[in-house]
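Sequences and hints are given; from them, build the entire structure.
Residue numbers (mature numbering (1 follows the signal peptide of the UniProt record, and there is no 0)): -22 to -1, 1 to 504.
If you are wondering where the hints come from, they were derived from the structure by calculation, not from laboratory data.
Where is the CB? At the ideal position from N, CA and C, for every residue including glycine.
Hints should not be assumed to be uniformly reliable.
[As the list claims (entries may be wrong)] Keeping only pairs whose Cα atoms sit at most 27 Å apart, straight-line, the calculated DSSO-like set for lysine-lysine is:
1) Lys431 to Lys460
2) Lys326 to Lys343
3) Lys188 to Lys74
4) Lys326 to Lys373
5) Lys431 to Lys398
6) Lys20 to Lys74
7) Lys373 to Lys343
8) Lys464 to Lys433
9) Lys433 to Lys460
10) Lys398 to Lys460
11) Lys464 to Lys431
12) Lys352 to Lys454
13) Lys352 to Lys373
14) Lys454 to Lys431
[Said to hold, decoys possible] Across the chosen pairs, the derived CB separations fall in these ranges:
15) Arg272 to Arg344: 54 to 62 Å
16) Gly59 to Arg152: 50 to 58 Å
17) Ser182 to Val92: 40 to 48 Å
18) Asp117 to Ile155: 14 to 22 Å
19) Pro5 to Ile155: 37 to 45 Å
20) Thr430 to Glu466: 13 to 21 Å
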Amino acid sequence: MDFHHSTSLTVYLLSILGYCAGQDALPSGPVNGTLGGNVIFKTTINPTTLFAISWTFGEPPVSVVDFVSSAGSVIGVGYVGRISLDNSTGSLELRKLTLIDSGTYRVSLRTADVIQVGSTSLIVYETISNVTLRANVIDLMELNDTVIFSCSVSSGSSPFSYRWLNGSSEVTARYGIQLGDGGRTLTIANVTRYDQGPYRCIVSNPVSSKPSQNLTLIISYGPENTTMKVTPLDVLYGSGSNLTLSCSAESSPSAQFQWLLNGTLLSNNGPELRLENIQANQSGSYSCWAHNTRTLRYQISEPSDITVLEPISGANITTTPNSSIIEGGSVNLTCDASGAIITREWMKDGHPLSAGGNIIISEDKRVLSINPVKRTDSGEYRCRVSNPISTANAKHGLIVNYGPDGMEIMGPSEIEVGQKITLTCSADSIPTSSYTWVLNGTEIPGHSPEFTKEKSEYSDSGDYTCTATNNVTGNKTSVVHKLSVKTEGSLSQGLSAGAIAGIVIGVLLVLGVAVGVAVYFMKIKG
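This is how it looks when you write it as structure tokens:
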């Protein structure tokens, strides 16, 4: 019998005869190995002096290696150059693993006192490679479509485990998400925009792990949250302003935009609408219309009202009638201007004017009516027109024509012959009246309000009639003044009866006072 057979037989017989002191020389398995790699079967004993070591594989047992301390090692067929044996612990390293190395390995270890045996299993796995991720469809509609991913391996040993990632987040089964075929397939029902990935699957077996390539879905959705922005943002705009309207929406693919004014589509397309040198006729309610050509859905933004005002210019006041205004009549003052008029204000002589009395102001304050017109209504009228972007003023001087009235003649009623005559006729009148003089029915040439004559004659005595005529109002008024021409010296010498009476009264008063004073002093002395 050769050494190999004797050693194996010795160990075998010893184990049968019950010389074993333990059955735990190897930890429980299995031991996993990689195809083409190495594996170490570590025993559970501490380094010691071993007299015999025997490793076998499979059933019936095939010798892997036998060792006797006195004779050395014998390596089994198929293991030469593939093993290493630790003579102090009995641990075995097996290299260049093949799939047929999978199976049960047994060891017997003999020390001076006991024999320990143990067994374990080795599973040799092929590493995973070429992991492929596929989807039944990658172009989907949000909330409408379902996607099924499948993960496959071209080489590698089972069993396989599968792990799914969306970006960096792990995907697990939950509502709307199912894992099938042992985790090889992933089904997402009614996809949303947050399901677009990128996805990858990671396939593992006990000795390796391999990820697939990334796969990203195209998920169409929207448009949603369609909003419009106006720059610059204001309540009112002056004509000639430049505005930019921009529209945005959440949409995939990107939405196409059209623009509406008062609900009517404009010819403009795109996310921006530029309104340059805008005019009042472009005022209105603007909105944008977002359309997704893939989902065939559309959405209209909330409208924005844009009001364009023309700056006010050319303010003016016109009167009706446009002829002379006569007291007692009526007049309308009309305030107009070019541009958008929002407010009007009336003032007279710098003071605010409101309706009341003979003043009537139209509801829109465009027309101020005076009825009846009074002479005190003369003055400067001002109309202030404005809108939020501009202001203009117009003024008009109103002249109320009246009279003549309040007429009188100033001058003496008596003069001496040869003295100068000066008579002045006056009347309250706008415009100034023209005057005529008549003496005792005979018209005196001239139209001056003053009648003068350097030397009076007796024939100048009589009734002087002054007539004032207002050529605008058409009114005339006359007043009579009596003048008496006296003889020379009759008015400058002697006293009149009245003067004499006055002197007498004055003398009597003085005498009375004197008598009173005398009586007073006499009483004091007495």
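So, going through the hints one by one against the coordinates:
Distance restraint check for Lys431 and Lys460: the Cα-Cα separation of roughly 16 Å lies within the 27 Å cut-off, and the hinted pair is therefore satisfied. Pair hint Lys326 plus Lys343 holds up; C-alpha atoms about 14 Å apart against a cutoff of 27 Å. For the proposed pair Lys188 and Lys74, the alpha carbon gap of about 22 Å is at most 27 Å, so the pair holds. Distance check on the hinted pair: Lys326 and Lys373 sit about 9 Å apart at the alpha-carbon level, within 27 Å; holds.
For the hint pairing Lys431 with Lys398, the CA-to-CA distance comes to about 6 Å; that is within 27 Å, so the pair holds. Annotation: proposed proximity of Lys20 to Lys74 holds, straight-line Cα distance about 18 Å (limit 27 Å). With a C-alpha separation of about 15 Å, the suggested pair Lys373 and Lys343 falls inside the 27 Å cut-off, and the hint holds. Our distance criterion of 27 Å between C-alpha atoms is met by Lys464 and Lys433, whose separation comes to about 12 Å.
Between Lys433 and Lys460 the CA atoms are separated by roughly 17 Å; this keeps the pair inside 27 Å, and the hint holds. At roughly 16 Å between alpha-carbon atoms, Lys398 and Lys460 fall within 27 Å of each other, so this suggested pair holds. Simply put, Lys464 and Lys431 have alpha-carbon atoms about 15 Å apart, close enough for the 27 Å limit, and the pair holds. Straight-line distance between C-alpha atoms of Lys352 and Lys454 comes to about 19 Å, which keeps the hinted pair within the 27 Å bound.
Annotation: proposed proximity of Lys352 to Lys373 holds, straight-line Cα distance about 19 Å (limit 27 Å). A hinted pair counts as satisfied when its Cα atoms are at most 27 Å apart, and Lys454 with Lys431 qualifies at roughly 25 Å. Distance hint check: the CB atoms of Arg272 and Arg344 are about 57 Å apart, consistent with the given range 54 to 62 Å. For the pair Gly59 and Arg152, the beta carbons lie near 54 Å from each other, so the given range of 50 to 58 Å is met.
With their beta carbons about 42 Å apart, Ser182 and Val92 fall inside the hinted range of 40 to 48 Å. For the pair Asp117 and Ile155, the beta carbons lie near 20 Å from each other, so the given range of 14 to 22 Å is met. Here the CB-CB span from Pro5 to Ile155 is close to 40 Å, well matched to the stated 37 to 45 Å. A hinted range of 13 to 21 Å holds for the C-beta pair Thr430 and Glu466, which are about 20 Å apart.
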